[in-house]
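S.K.: Whenever a hint applies, use it, and build me the whole structure from the sequences.
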Amino acid sequence: MTSTIDPTSSDARRIGSGNALRLREFVRSTDFTLIVLAAAGFVVLASTTGGNLFTGQTLKAVFQYLAVPILVGLAQMAVLAVGQMNLSVGVVTGFTAMVAAWLMVRVGLPAPVAVLAAVLLGGAIGLANGLLVVLTRINGFIVTLATMTVIDGLRYGVNGTGTFQNYSSGLVKLGQGSLVDVPNVFILAVLVALAVAVFFRRAVLGRQLLASGGNPLAARLSGISNDRAIVMAHVLSGLLAGVAGIVDVALSGSVNASIGDDLLLPSFAAPIIGGVALTGGVVAVLGTCLAAFIVRLIDVAQAQYSIDKSWVDLIVGAVVLGAVLVTQVRIGKKGART
Amino acid sequence: MTFIAEQIVKVFPGVRALDRATLRLEPGTIHALLGENGAGKSTLIKVVTGVYQPDGGRLLSTAEDGSLTELSFGGPLDAQRAGIGVVHQERNLVPAFSVAENIALQAVPKRRGFVDQEAMRGLARRCLDRLDVHLDVDRPVSSLSVAQMQLVEIAKALAVDSKVLLLDEPTASLTGDEAEALYTVVGALRDQGHSVVLVTHKLEEVFAVADTMTVLRDGRSVAEAQPLAEHTRDDVVTLMVGRAHADLQLDSRSVDTTTAPALELENVSTAQGHHNISLHVRRGEILGLYGLVGAGRSELARAVLGLDAITGGTVRISGEPVRISSVGQALQRHRLGYVTENRKEEGVFLDQTIARNVSVTVWRRLARLGLVRGNDERALVEQYREQLGMRISGPTQLAGQLSGGNQQKVSLAKWLAADCDILVIDEPTVGIDVRTKAAFHELIVGLADAGIAILLISSDLPEMITLADRIAVMSEYRIVGELDNDHRYERTSHAVIRMIHAEIAS
Chain R
1 MTSTIDPTSS DARRIGSGNA LRLREFVRST DFTLIVLAAA GFVVLASTTG
51 GNLFTGQTLK AVFQYLAVPI LVGLAQMAVL AVGQMNLSVG VVTGFTAMVA
101 AWLMVRVGLP APVAVLAAVL LGGAIGLANG LLVVLTRING FIVTLATMTV
151 IDGLRYGVNG TGTFQNYSSG LVKLGQGSLV DVPNVFILAV LVALAVAVFF
201 RRAVLGRQLL ASGGNPLAAR LSGISNDRAI VMAHVLSGLL AGVAGIVDVA
251 LSGSVNASIG DDLLLPSFAA PIIGGVALTG GVVAVLGTCL AAFIVRLIDV
301 AQAQYSIDKS WVDLIVGAVV LGAVLVTQVR IGKKGART
Chain B
1001 MTFIAEQIVK VFPGVRALDR ATLRLEPGTI HALLGENGAG KSTLIKVVTG
1051 VYQPDGGRLL STAEDGSLTE LSFGGPLDAQ RAGIGVVHQE RNLVPAFSVA
1101 ENIALQAVPK RRGFVDQEAM RGLARRCLDR LDVHLDVDRP VSSLSVAQMQ
1151 LVEIAKALAV DSKVLLLDEP TASLTGDEAE ALYTVVGALR DQGHSVVLVT
1201 HKLEEVFAVA DTMTVLRDGR SVAEAQPLAE HTRDDVVTLM VGRAHADLQL
1251 DSRSVDTTTA PALELENVST AQGHHNISLH VRRGEILGLY GLVGAGRSEL
1301 ARAVLGLDAI TGGTVRISGE PVRISSVGQA LQRHRLGYVT ENRKEEGVFL
1351 DQTIARNVSV TVWRRLARLG LVRGNDERAL VEQYREQLGM RISGPTQLAG
1401 QLSGGNQQKV SLAKWLAADC DILVIDEPTV GIDVRTKAAF HELIVGLADA
1451 GIAILLISSD LPEMITLADR IAVMSEYRIV GELDNDHRYE RTSHAVIRMI
1501 HAEIAS
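Those sequence lines, one after another, are chains R and B.
Residues 1 to 338 in our numbering are what the first sequence spells out, letter by letter.
Residues 1001 to 1506 in our numbering are what the second sequence spells out, letter by letter.
Keep in mind the hints are simulated off the structure, nothing from the lab.
Fair warning: this is a prediction, and the values are worked out from it, not measured in the lab.
Some hints could be false.
Which residues of chain B face chain R? A few of them, derived with a C-beta cut under 10 Å, are [said to hold, decoys possible]:
{"#": "1", "residue": "R1020"}
{"#": "2", "residue": "L1307"}
{"#": "3", "residue": "G1312"}
{"#": "4", "residue": "N1342"}
{"#": "5", "residue": "E1345"}
{"#": "6", "residue": "V1372"}
{"#": "7", "residue": "A1418"}
SDA-like cross-link-like pairs, simulated, lysine to any residue; straight-line CA separation at most 20 Å [said to hold, decoys possible]:
{"#": "8", "chain 1": "B", "residue 1": "K1344", "chain 2": "R", "residue 2": "A277"}
{"#": "9", "chain 1": "B", "residue 1": "K1344", "chain 2": "R", "residue 2": "T279"}
{"#": "10", "chain 1": "B", "residue 1": "K1344", "chain 2": "R", "residue 2": "R220"}
{"#": "11", "chain 1": "B", "residue 1": "K1344", "chain 2": "R", "residue 2": "G83"}
Cβ pair distances, simulated, as ranges [unchecked claim]:
{"#": "12", "chain 1": "B", "residue 1": "Q1226", "chain 2": "R", "residue 2": "R24", "range": "55 to 61 Å"}
{"#": "13", "chain 1": "R", "residue 1": "L325", "chain 2": "B", "residue 2": "D1177", "range": "42 to 48 Å"}
{"#": "14", "chain 1": "B", "residue 1": "G1400", "chain 2": "R", "residue 2": "A124", "range": "34 to 40 Å"}
Idealized CB from N, CA, C, for every residue including glycine.
M.R.: Listed below in structure tokens is the structure:
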């Protein structure tokens, strides 16, 4: 086998040396932009509120209520990986929370069993979503729009507009507690994020999801089942939404049917701002977490400055739109280069 | 007007697609543009119709008084305005629109900003009348036959006043009667002073209807606007295939014929339309499957891999009848791999790292507790980087950043990694520069020498004659002949081309 390196070839030119290249690539990445944005936002917010942000309770609340946005962001990211969408992420979170509370309060199951059951329920709903998409060949957007509406109704079916409370004090204590000043639920969210990152980076199944999402034709010709990938992505999405539901139960101490109503936009905002491609094939776990944090800062700013709540939605919406636009431009540039 | 594309040069990265090709079109003639696959016909058409801008040469038109005008096309619209129309092989009609709306699509008559319905119908009728075709102009195009759609496309070109009309494989999907009707129309256009260019593989039709011809070979025009009456079919074939300039000289390989073939098809028919296909390839042997584009070769490979239904006959692997339902199964149970012809669309994951691309077929093998071991994966990349001479910056480089040749190596590497016994390799060197091509040829021979059974699909006849031990020729979803390849270019190429043209003519 002869192989000659042509110094003028474009491939040879791209071969740069080690660390300098890696650093340059990192500086250009979405993650870097988000880290700078998050840090700047945090500093500005902290200084303009006169250090208010650093008082124990406020700081703790910032991260406590970051857990659910991270988890639903990851839940959405899981289906975006295969080029699908899951509109039911928010209501599944709310529904699994309701069911967990119902199992503890009405059925009298111990907390660990109720928690496990709720997470599995999320997975089962994901399985149903996935199977519907694959078997009917109906667009995932439409399927999950339908299941979203169905589950929305079921949520109220569990306990009407009433509230479940006074369930397992152990669970609530755990949910509201901290480990060395770091909220437990935030630690949980970070651990889940790490697991998801490992899943997409190293696990056979995770890679198959990305391969299928990135290029279904090539995936099929490489022996990967695209149908299986779509189903498994929805299952993963449901499981993660179930975990988010449990966090809600443990953190708030009381649950009613309106939980999850306001999670749909954030579930898309985190991965999209975080650099996940809507077309599938690319995930960004760190980006999704950072973006969730930035959205959380906007919420905090709203509370700190007593801004009208409607401005928050406007800002988040605009940021999502901007992020999609930026991604589009970057993809366009990348396309021109190849 | 006489239209001349003079000494056209068009260069793509690593490939000189056109190298001083000249096409001269006189009014009132039917001109055949001939050449084997890859000779540069499509590129020349794209230059003439303004899709590509030439890197050298001129486009000229002469008026009746003999004055020359140099043309410059910034895009297809400029070519259209200059009077050059084209009917592509793939249909360019809007199925939901009426015949009239389609014909007038590029020249919509308007009145006060609205479409003038009556004028539009009138225009469509006039265009169809000139072709002596009678069609209800209000019918939706989706209700027409393929042959009728073709006529609508020609009428559409007339609506924008085309003087030169290029027809790309116009009879590819027509029956004999329909083709005859089409050529009647083409004859009428010639009599009205149009210049019609016929791009086709069907030499029979060329000799029946065309007046003059241009033959392209390797991007050059080896015959320019010559009267067909002065040529025989054998002449034309010789002009098309030329002489060999093989850079890899091979002796015939000895193949063990005592054991059962690695892959054998017996009377296989498919849902795609293959009929009674029988062929076999042994370990250490390269069976070439030659045919023109659209002959059904890749489709056959896809059926064998379980991507399309096999409706009859038997597929055997090492003598055992098998039913394969997916690529995964072909790979895991039978060690059968398929290197696709569409590397960008189907062969590589452009937005994934090289490491993932190479290891995709063996993730399970490289995994412990469901997690792929990074070190093993990197080792795999290094192994094939060396073996295939991949020019990459590292295992984490994205496949989308590589050149075509290196992407092809990545696409091949994943099947080598899978340790296949049988490889179907489909058009391995399309769009790849000459040097990399030679390296690929060496590699494929090396794989066969190592005992892998190779079914090589290629439209590149020199490549076929360089590499294959035997050549099976496919035309219109049937095997029309098979021959032992003695690597002697002239004799083998003539035999192969005759097999195809005899089949098309019959």
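S.K.: If a hint holds in the structure, say so; if it doesn't, say that too.
M.R.: Hints, verified against the model:
1. R1020: 25 Å, violated
2. L1307: 7 Å, holds
3. G1312: 24 Å, violated
4. N1342: 8 Å, holds
5. E1345: Holds, about 6 Å.
6. V1372: 5 Å, holds
7. A1418: 8 Å, holds
8. K1344/B <-> A277/R: 19 Å, holds
9. K1344/B <-> T279/R: Roughly 17 Å separates the two Cα atoms, so the pair holds.
10. K1344/B <-> R220/R: 14 Å, holds
11. K1344/B <-> G83/R: Holds: K1344/B and G83/R sit about 19 Å apart, inside 20 Å.
12. Q1226/B <-> R24/R: 55 to 61 Å: 58 Å, holds
13. L325/R <-> D1177/B: 42 to 48 Å: 55 Å, violated
14. G1400/B <-> A124/R: 34 to 40 Å: Taking Cβ atoms as reference, G1400/B and A124/R lie about 37 Å apart, which means the hint holds.
Of the numbered hints stated above, those contradicted by the structure are hints 1, 3 and 13, listed in ascending order.
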